[in-house]
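Top to bottom, those sequences are chains A and B.
Reminder that position 170 of the first sequence reads as 170 in this note's numbering, one-by-one numbering, no gaps.
Reminder that position 195 of the second sequence reads as 195 in this note's numbering, one-by-one numbering, no gaps.
FYI, nobody ran anything at the bench for these hints, they're computed from the structure.
Treat the hints with care, since some could be wrong.
If several chains are the same, the list does not tell them apart, and a pair holds so long as it fits within one copy or across any two.
In silico BS3-like pairs for lysine-lysine, Cα to Cα no more than 30 Å straight-line [claimed, not checked]:
hint: 1; residue 1: Lys-154; residue 2: Lys-53
hint: 2; residue 1: Lys-340; residue 2: Lys-154
hint: 3; residue 1: Lys-36; residue 2: Lys-119
hint: 4; residue 1: Lys-152; residue 2: Lys-46
Number of protein chains: 2
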Amino acid sequence: MNKNINIAIIGLGQIGCYLYNELVKKNKEIEIKTGKKIKIVGISAKNKNKKRKFNINKKIFSSNPFDIINNRKIDILFECIGLPDGISKKIVEKAIVNKIHVITPNKSLIAKHGDYLAKLAEDNNVNLEFEASVAGGVPILKTIKEGLVTNKIKKIYGILNGTTNYILTEMENSNESFQIVLKKAQARGYAEPSNPKLDLNGFDAYSKVKILSALAFDNKISKHNALMEGIENIELKDIKIAKQLNLRIKLLGISEIINNRLFEAVHPCLVGNDTYIGNVNGVMNAIIINGKPIGESILQGEGAGPGPTSSALLSDLISIVRNDVKKPFGISYKNRKNIKYFDNKDYSNSLYLRFEVNDKPGVLSSITNTFAKYKISIKRIIQTPDKINNKATIVIITHKTTEINIKKCLSIFKKNKNIIKKPTLIRLYNYN
Amino acid sequence: MNKNINIAIIGLGQIGCYLYNELVKKNKEIEIKTGKKIKIVGISAKNKNKKRKFNINKKIFSSNPFDIINNRKIDILFECIGLPDGISKKIVEKAIVNKIHVITPNKSLIAKHGDYLAKLAEDNNVNLEFEASVAGGVPILKTIKEGLVTNKIKKIYGILNGTTNYILTEMENSNESFQIVLKKAQARGYAEPSNPKLDLNGFDAYSKVKILSALAFDNKISKHNALMEGIENIELKDIKIAKQLNLRIKLLGISEIINNRLFEAVHPCLVGNDTYIGNVNGVMNAIIINGKPIGESILQGEGAGPGPTSSALLSDLISIVRNDVKKPFGISYKNRKNIKYFDNKDYSNSLYLRFEVNDKPGVLSSITNTFAKYKISIKRIIQTPDKINNKATIVIITHKTTEINIKKCLSIFKKNKNIIKKPTLIRLYNYN
């Protein structure tokens with residue numbers, strides 16, 4: 001690589017702007033650490049004159065990113081738009097074909113088109129790096145690709161979304177409802193003001209699971225419809241009952257090899273409030289890796305915000321400037337596996353089910369009879385009457401049962417007119 | 001680097017043997033991950049015929065390591081003898097001068113001669129890698145050098161020695177004395193059977209602190225006599241009293257910039273039993289990094305045993321095979337700083353002091369008067385009589401005070417004939 005490195009940043013939202021400022025500020029430090037001079041020669045966003053947190057040099061601005069990619073000499077491009085397809089994909093494609101290294105925090109793009117783009121990068125002998133796409137505050141992707149490279153990983157799981165972890169923590173601490181706490185999260189910049197859906201419904205964590213399992217198991221990115229549930233249906237009531245049971249609700253992303261098959265999932269879990277994962281609170285992310293010979297290793301760090309994201313983007317930059325070209329997923333495209341999928345139907349857990357029912361004789365027994373029919377044994381029942389409204393809340397904790405069984409039960413409960421709304425289901429994780 | 005990589009392992013103790021076996025077993029995997037074929041062409045140890053856990057190929061054995069370094073074509077050498085000077089240093093020097101890349105888990109060598117050897121490696125354009133010297137189960141050095149490379153780190157601290165953490169945990173869990181638990185640790189292979197001193201007196205953690213702070217602050221390895229205390233004086237009594245106070249004793253290694261000066265220390269600390277660090281138990285290591293913009297990041301993993309160590313050694317191997325030559329400490333020797341040292345005398349903490357005294361009138365007041373003289377205010381006193389022997393245990397928790405103050409107090413206590421033995425001092429960490 002030349003002594004002078006030309007850089008472009010496409011997308012000047014919260015992350016792009018923070019990155020721009022960091023690059024300007026740390027210019028000298030980067031030169032000391034790499035022996036190369038970096039220079040931002042192109043920036044692009046929809047709107048040149050939008051009010052931004054940091055002043056940008058408008059002389060290098062172009063509202064057309066392809067103008068920058070095609071007409072200026074660029075060595076490394078940051079894609080900071082963040083769409084799973086469309087312009088984000090086109091920019092990355094075009095840059096790679098033009099022999100420009102690409103760095104992106106765009107998890108949805110990598111989870112969807114990562115295999116294709118990685119092959120394109122390999123074929124064009126450039127880097128495609130995406131450390132910032134998962135848990136910015138800790139170098140989890142480098143850790144898998146390099147630090148733990150010869151370990152046989154069996155399982156990788158954890159808290160992958162800072163927004164939902166903040167909401168669940170804050171509901172418990174403040175005793176406030178999901179809706180109120182969501183507004184708080186938005187006000188603090190932890191949740192998207194306009195559309196927080198992709199955090200709340202688990203999709204953000206889902207993309208990260210796809211990326212992590214591709215790396216951990218040297219696998220192609222799975223196309224499987226993995227189990228995905230968010231936290232939208234968690235009520236303060238559930239958090240309070242969990243507390244009574246010395247449990248805590250966490251949205252976990254899970255990737256695991258079960259019987260030589262790949263299992264991936266994102267769903268709320270009840271975990272012990274004395275466990276490590278039960279005590280990772282606020283916007284923190286935590287990832288647990290089970291491997292051989294390392295045993296259990298944990299990485300924990302801030303998961304949300306432009307600071308940790310920029311930290312990861314800059315580490316990718318320095319890694320590219322310091323080293324030769326590397327494979328985006330650690331190993332060559334042709335050596336990556338196609339592991340068969342574990343059937344979600346066989347996924348098995350103890351379950352927490354909360355029923356809101358009419359307080360009539362026979363309601364509880366109609367529920368327990370359904371469980372008995374599917375041979376699901378019950379570990380615990382907590383019934384709380386709401387005398388004034390003639391209603392009751394019934395929480396049932398079951399022994400381990402499979403997804404197929406619980407799905408059948410739920411379809412029967414749906415027909416039960418005394419069950420007022422769809423029961424809230426939370427899986428107990430690592431619980432016997 | 002050539003397509004075929006020749007490897008030598010010098011030292012065939014627990015780690016050397018485990019590594020040898022891993023290299024043989026993972027030969028094919030390494031070829032897939034790097035595109036290069038590795039071959040072990042030389043191994044060396046004092047005794048060819050010693051009974052070892054893994055079978056070694058005796059055809060490539062030489063009892064003289066220099067015979068291997070000088071007469072065989074070696075690309076990468078593993079130094080697994082582990083001495084801070086002598087033969088370990090000579091082997092590494094000779095290998096580097098012969099343009100051989102060196103990988104070592106030898107923390108005492110790096111802490112003592114790391115600057116000299118790193119410069120030698122730079123001058124000879126080869127790598128010197130030592131990821132395995134600190135917390136084998138997590139890639140902490142790579143994380144600082146690469147993953148968090150542009151962060152401004154203010155502090156790095158944690159549990160750096162698995163042996164002592166196992167002993168402290170096991171004393172609490174089993175209610176057994178230091179001596180009994182130490183024997184248990186030796187039987188399980190967590191502590192050296194012949195000479196566990198370097199773990200117990202804090203020296204092992206001390207070497208790791210020196211390495212971590214050199215990396216975290218882009219500093220030369222400090223030559224300062226940092227504060228170093230081990231766990232040899234911790235008694236079951238202290239662990240029980242800590243428990244009553246909802247505290248737990250942990251041996252922490254600390255490196256921090258205080259008022260633009262470098263502070264380094266290793267000593268037992270009382271930490272809250274509801275804190276993260278208070279719940280890192282058994283042989284686990286945990287390192288907490290405070291940086292900007294990442295905030296707080298944590299890495300936790302197994303710290304003892306040949307498995308995690310080999311994992312780190314192999315990651316260094318693959319990193320060397322995959323990439324160009326890198327600087328051992330991330331940046332060039334000439335750019336590393338010489339930060340001035342913080343004066344240990346000004347280090348300030350709340351203190352736990354346990355006195356064993358003759359149960360006579362006036363003893364407590366003579367102790368508290370001494371504290372008053374040095375303006376050390378007392379937060380709490382717990383006096384437990386031992387009527388049968390006419391003795392008592394007095395535990396005093398102080399408010400924050402400096403090392404110089406407490407040193408003066410201790411010298412006065414030394415002259416007090418009613419204080420039967422030297423008081424046990426444990427600093428309360430992050431405690432106001």
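Are any of the numbered hints broken by this structure? If so, which, sorted upward? 4
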